[in-house]
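Start counting at 1 in the sequence shown, then tack on 1, and there's your number in the working numbering.
Derived by calculation from the structure, the hints in this document are not laboratory data. From the three backbone atoms N, C-alpha and C, an ideal C-beta is built for every residue, glycine too. There may be inaccurate statements among the hints.
Computed Cβ-Cβ distance ranges for the label pairs, DEER-style [to be verified]:
| # | residue 1 | residue 2 | range |
| --- | --- | --- | --- |
| 1 | GLN53 | ALA161 | 30 to 36 angstroms |
| 2 | ASN132 | ARG111 | 43 to 49 angstroms |
| 3 | LEU172 | LYS81 | 45 to 51 angstroms |
| 4 | VAL33 | LEU155 | 28 to 34 angstroms |
| 5 | ALA131 | GLU47 | 20 to 26 angstroms |
| 6 | LYS138 | THR55 | 20 to 26 angstroms |
| 7 | LEU168 | GLY17 | 52 to 58 angstroms |
| 8 | SER58 | ARG111 | 42 to 48 angstroms |
Here are the simulated DSBU-like cross-link-like pairs (lysine-lysine), alpha carbons at most 35 angstroms apart as the crow flies [as the list claims (entries may be wrong)]:
| # | residue 1 | residue 2 |
| --- | --- | --- |
| 9 | LYS81 | LYS162 |
| 10 | LYS23 | LYS91 |
| 11 | LYS91 | LYS143 |
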Amino acid sequence: MSDSLLSVGKIVNTHGIRGELKIISSTDFPEVRFAPKSQLILVHPESGEQIQVTVASARPNKGMFIVRFAGYDNINQVEKYKGFDVKVSKEESVELPENEYYFYEIIGCRVMDEEGEELGVIEEILRPGANDVWVVKMPSRKQLLLPVIDDVVLDVDVKAKLVKVHLMEGLL
Numbered sequence: 002m003s004d005s006l007l008s009v010g011k012i013v014n015t016h017g018i019r020g021e022l023k024i025i026s027s028t029d030f031p032e033v034r035f036a037p038k039s040q041l042i043l044v045h046p047e048s049g050e051q052i053q054v055t056v057a058s059a060r061p062n063k064g065m066f067i068v069r070f071a072g073y074d075n076i077n078q079v080e081k082y083k084g085f086d087v088k089v090s091k092e093e094s095v096e097l098p099e100n101e102y103y104f105y106e107i108i109g110c111r112v113m114d115e116e117g118e119e120l121g122v123i124e125e126i127l128r129p130g131a132n133d134v135w136v137v138k139m140p141s142r143k144q145l146l147l148p149v150i151d152d153v154v155l156d157v158d159v160k161a162k163l164v165k166v167h168l169m170e171g172l173l
């Protein structure tokens, strides 16, 4: 079940006594995720227990969000949720612009060059600066670092889990 959920944050503490919680956001769309009436799923980090909640109010605060859930208006009701992960179902994922992908869509993709030779599988994504870098684990155990730029990434088929690339000189 947890595979069908996307992480959008983590509850780090309570805020005040009126049932508000401090959430560190890990989503690119906090204004969508924490908007009033949005549905979130709180997940216990160890047991995996899930509680569905509805956002009543939210506001940014010092790099975090102060969020109150509908029906929770007292610190005693929410204290137990400290440390819980905040998730949404994948069906709720925000439609990304063309040529932008979620990490979970890219990790595990097979990588092929223009001649159709298989190079390996994407195992992680680095974000060093100007552009992301996809780390491809090659059969030779070496890693290939692919800069995610138009000259290199020719085609991404997330359904087939296949990425076609142009190997510029010096990449291998």
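Now for the hints, and whether the structure bears them out:
{"no.": "1", "hint": "GLN53 with ALA161: 30 to 36 angstroms", "result": "holds (33 angstroms)"}
{"no.": "2", "hint": "ASN132 with ARG111: 43 to 49 angstroms", "result": "violated (21 angstroms)"}
{"no.": "3", "hint": "LEU172 with LYS81: 45 to 51 angstroms", "result": "holds (50 angstroms)"}
{"no.": "4", "hint": "VAL33 with LEU155: 28 to 34 angstroms", "result": "holds (31 angstroms)"}
{"no.": "5", "hint": "ALA131 with GLU47: 20 to 26 angstroms", "result": "violated (38 angstroms)"}
{"no.": "6", "hint": "LYS138 with THR55: 20 to 26 angstroms", "result": "violated (41 angstroms)"}
{"no.": "7", "hint": "LEU168 with GLY17: 52 to 58 angstroms", "result": "holds (55 angstroms)"}
{"no.": "8", "hint": "SER58 with ARG111: 42 to 48 angstroms", "result": "holds (44 angstroms)"}
{"no.": "9", "hint": "LYS81 with LYS162", "result": "violated (39 angstroms)"}
{"no.": "10", "hint": "LYS23 with LYS91", "result": "holds (23 angstroms)"}
{"no.": "11", "hint": "LYS91 with LYS143", "result": "holds (33 angstroms)"}
Hints 2, 5, 6 and 9, counting from the list given before, are not met by this structure.
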